[in-house]
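Start from the sequences and build out the full structure, keeping to the hints where you can.
There are 2 protein chains.
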Amino acid sequence: MALYTATSLKSELNDRGWRLTPQRETILQVFQNLPKAKHLSAEELYHLLQGEGENISLSTIYRTLKLMARMGILRELELAEGHKHYELNQPYPHHHHHLICVRCNKTIEFKNDSILKTGTKTAQKEGYHLLDCQLTIHAVCPACQRALLPI
Amino acid sequence: MALYTATSLKSELNDRGWRLTPQRETILQVFQNLPKAKHLSAEELYHLLQGEGENISLSTIYRTLKLMARMGILRELELAEGHKHYELNQPYPHHHHHLICVRCNKTIEFKNDSILKTGTKTAQKEGYHLLDCQLTIHAVCPACQRALLPI
DNA sequence: AATTGATTGTGTATCATTCTCATTAGAGAG
DNA sequence: CTCTCTAATGAGAATGATACACAATCAATT
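For the record, the sequence lines run as chains A and B. Here the first sequence stands for residues 1 to 151, numbered as in the working numbering. Here the second sequence stands for residues 1 to 151, numbered as in the working numbering.
Hint data in this document are derived by calculation from the structure and do not stem from the laboratory. Heads up, none of these hints are tricks.
In silico contact screen, one side only, chain A against chain B (beta carbon under 7 Å); selected entries:
no. : residue
1   : Ile108
2   : Asn112
3   : Thr122
4   : Leu130
5   : Leu135
6   : Thr136
7   : Cys141
Note that beta-carbon positions come from the ideal geometry of N, C-alpha and C, so glycine has one too.
In structure tokens:
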């Protein structure tokens, strides 16, 4: 949950015998320049990069997203769209959670300090090294309650 | 988050113009007879039913799992295996959360009363009708920390 | 018992993600 | 700076979970 620069990313990769590539650096930058609390799917990141003239293959994007999630740099979000989203894994003041309407998929972000504390304490107690903790609330939004739509 | 019987399931379905079918009743029973905190994937449920001589098609299983999750009867869990798992959505004393090792996928369940309160309050504040709230912690387990394995 | 439309089963389609493998290119050693 | 080793990439194929289409069935209501 730290802020990464190209240099710190490089040293963390090299420590494990891995490499800093232009693709990885570019992808990290994209997430760092993203508006706060904005998240991207693999496909969205792919097209965003295409639009900037950066040709990084979809395979590399999938590999990099998974790698950075496992390093704790990115959070992997399972929202309602049927595919994963990723966002920077930011520390305390920006750490947030998601309230999702299971009908229209509308998603609201909210903050709660005690949850991160609970997560940290729980991981610690079991000897786990914490990467991310997120509270996901599944619910029906006001509009969909009124709509009385099927399912 | 209530306990369902065939009758209460039927009335809740009928209220919405839907029907109680033998397949739906059977699937609900399977989850109710499952050991506490055990969860099933669609495929696992399918084979479990086959073993009991119940021939319910995979399509129906997927449809029913999604339906019951949207009704708040089941919880949809996104663990680490790449497919969803389902379990009974049980009230307070049994409500729990998951601590997942992103490397070996080992999953630990834990309880925390305050999280459910937080979820309830958050949903309420936004006017959402709560179905489920779950804290998911991604981390690296002690064994995988020692293993120093890639990724 | 008749009617209506929700539900099922079968097979097919789709879509996200992973895999394969030949090629490229970081990182460390000398 | 050059060499070596092997991680990483790109392109396309493969996989696997899930959704869909549609004809046949059957639960609920009259």
